[in-house]
Amino acid sequence: MTNQDKKDVHSVTPQVIIDFLKNTIPFNELDEDSLMKVAQNCTIDFFPKGTMIFKQDETEVEYLYIIQKGGVKIYLKDEEGMVTLKDFRGEGSYIGALPIIQGTRANLNVETVEDTFCFLLKKEIFLELIEDNPKFAQYYLKSFSEKFLRTAYQELRQHRVAPRTEGTLYMFSVHVGDLVKSEPKTIAATDSIQLAATRMAEYHIGSLLVTDEQGEVIGIVTDKDLRTKVVAQGRPVSEPVANIMASPVEKISSHKVCFDALLTMMTKQIHHLAVERQNKIIGVITSHDIMVLQGSSPLYLFREIVSQRSIDGLYPLSQKVPLIVRTLIEEGAKPNNITRMITILNDHILDKLLSLMIEKYGTPPVPFCWLLMGSEGRKEQTFRTDQDNAILYQDPENPRKKEEAQEYFSAFGKEAIEHLVKCGYPRCPGDIMASNPKWCQPYSVWESYFDEWILRPEPKQVMHAAIFFDFRPGFGKLDLGVRLRDHLTDIAKRQEIFLLHLAKNCLESRPPLTFFRNFIVEKDGEHKNRLDIKKRGLVPFVDFARLLSLKFGIKETNTVERLRLLYEAEHISKELYTETVEAYEFQMQIRFVHQLRMMEEGLQPDNYINPSDLTDLEKQTLKEAFAVISRLQAIIKDMFPLI
Amino acid sequence: MGLLQLLTTFFKKKRHPVLEDNHFYFQDFDQDRPLNEYEFVVYDSELTGLNPRKDEIVSLGAVRIRDLKIIPQENFYCFVKPRGDLPKDSTLIHRITPEQIQNAPPIQEVLEDFVRFCNGGLIVGHYIDLDMAFINKVTKRYLGGPLANPCIDTLRLAQLYKEEEWGNYYDQFNYNVSYNLADLAAEYGLPEFEEHDALGDAFQTAYLFLFLIRKLKKGGITTLKELYLAGRSWRWLF
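Residue numbers (my numbering), protein chains in the order written: chain A, 548 to 1190; chain B, 167 to 404.
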């Protein structure tokens, strides 16, 4: 029935295939004649999502399949039926080359994960091309080995397992319990300081746990205590150790990884941690133990910050944060750990800066609390996050004090912001900063702000105020901030109208993906064809966690922590919790890698991802992450049926 | 009955041999075979206007589907010179200019080849009734009768698929849907072709057709008959 044999004058070259192949490696290596030959010997087939194209060891492969649109997953199934995922392939990728070249049946299972259109090239033609075009052939031969290598790396990243090479990778794999070398050395609370010093010298250790009459651990004494509390103060060595011990002991459970120990130490500014297993202390680890494991450590930067004596000296330190983050990413740290680490480092810089400023300005007329908002408030800073901060001070008792306080904090706030800018934290475009008089206010005014937002919500205001609901006390008299948080937690959960506005806000952003490879990207402007991963991908998760936390009276601000608390209080299911955290962290990871790359190229980091920079596997995972957003929105719709 | 048939045969214009072939093939048409055993010719034409009485074809495009695969090199594509003028407003749509068709053959010179290309296949098109009205007008004039090919309309299939989707879709009251070929292609994520080019649209329709017959009834349509039956249930809607 074909008219082709008659050389039909009204038939034209199938341009669709030629155009596509010209942009597809390795077909772009072919000359016009070969390309024409390919085009004349291709057919086009459609496989709905979920179609098995190849069945391992069964399918006779008659064609090379070139994916025009859609995507497939490739996997192995062993005798026990265990499935190992090998790869995802998308547009421009091929399947079937290896079996054709080796003359075997399909060696893997191939199943479409999207509605997929393929060009089917007859295997004889494919083999001819390989024979005639060395460059073309090379691609397939080379890619077999490289592809497997790349896949291996992708899988590592996917499961976030630290690569097992020598050296620097212990932070996230070694458990705290593994660092404990010996039984804990103890001393009775009533024993003398001198006996403690003798025993420490005897064991060559820097700390002893202090026990009561029942043998329970009640405190710890370290060589630093001997220096600062005994020698420096001229305290008699005959006094009982109980007088100089730190109590209670900071503990960490033995199954935590070293990274957690490091975070605890840095947060609490201590160097010793008691390791606990099933409520029993099994030993003590020190920051030194961890540093021995870790070549270049965040601890060094941490030390540099703490030991700084001048404000100018702080300026260059925040620039070093990215260096540390790079190591952390390479070692496979979870994004939430990385942001927590960045937050701790930034908090220390802030702490040091404000302390030095207070030395200069003198004690403030009334106690105050430095509030951190937005991503800083959620402990989710990446690189160079904009400043979002405010000052909350105690209500002055009389008008004179009030004036004094206004004057002091206004100048203090303005200068602090300038210093922070010099440290490399850009100004907030919305002017939510302590230098803005509106956001530098006594407690009663702050309370009235929140009352206004919560009790008389205007849709626009609610949106505007969202970042305020993520505040956390950052420096100074933290109680003030805690009190404000208690207040708002208490009233917010009962205000249905306010929550409804927030919920509505959550439903406004549409999940960014419909088809494989078909991201919704920015349509115009300088970010054309890129995906704003923050706005489209991350914000819906943050909004969801905030809304539910306010509804259920949870005071935490960190998104992952909020989700954990929601799950523990059984407001969300375990599956949803796991899925949400995984989806959120994966996107954070993509964003980190993107921003790090930009910074290493000397660019200002932003949130615009170019989908073509992602591997198929990353795209697929990202797509699954976006799918979770629809689920979150469905839950919100359920919870707030009035929307 | 026999007499009537005899009379009509007698008084009818003599059919061109290529049209005889065309009719012969569909005399005993068996609808019960699996879909992949049929050949389909996906057809689109560009016109000077929408009125079959006075408007004419300016371009024909068609591509073959065999074994439910598009055979892109088996295509038919040509411009034709209409007898009348090429109205300006139609040029604005298909961008075919009077110069382009100046040296094109008149329809009667390509018609025989075109019918030969269609012979044996079911004709598939998007809003195919319109294209058939135009092509049958010229086959009647020049070849002595209309084409006998059964036709399948992808627009109707798309409506059917939409209705199927709506059954378990919360947006089912959104009547703001478009059945425009390009809009459907975008909605279903099909590779996209140049619009208002007869061959481009034929390819686009071919992709849409493959998509729909595999997606309808969750892939449960196996024979041609089932495809027709599937299309019947919604007729009351229109």
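Calculated directly from the structure, the hints in this document are not laboratory data.
Check the hints yourself; a few may be wrong.
In silico DSBU-like cross-links for lysine-lysine, where the CA-CA straight-line distance does not exceed 35 Å [what the hints assert, rightly or not]: (1) B:K328 - A:K620; (2) A:K827 - A:K798; (3) B:K383 - A:K1166; (4) A:K669 - B:K384.
Just so you have them, the derived chain B footprint on chain A, three or more residues with Cβ under 8 Å [unchecked claim]: (5) 826-834; (6) 942-949.
Just the calculated beta-carbon pair ranges, DEER-fashion [claimed, not checked]: (7) A:S1159 - B:S344: 38 to 46 Å; (8) B:R199 - A:K569: 51 to 59 Å; (9) B:I267 - A:G597: 29 to 37 Å; (10) A:E609 - B:R199: 16 to 24 Å; (11) A:A1181 - B:S344: 24 to 32 Å; (12) A:L623 - B:H189: 52 to 60 Å; (13) B:P316 - A:D566: 45 to 53 Å; (14) A:E678 - B:G215: 52 to 60 Å; (15) A:Q562 - B:A314: 57 to 65 Å; (16) B:E331 - A:D578: 16 to 24 Å; (17) B:Q266 - A:K1007: 51 to 59 Å.
Glycine is no exception: its CB is placed at the ideal position from the N, C-alpha and C atoms.
Discussion item. Run through the hints listed earlier and report the numbers of any the structure violates, in increasing order.
Written reply: Hints 5, 6, 7, 8, 9, 13, 15 and 16 contradicted; others consistent.
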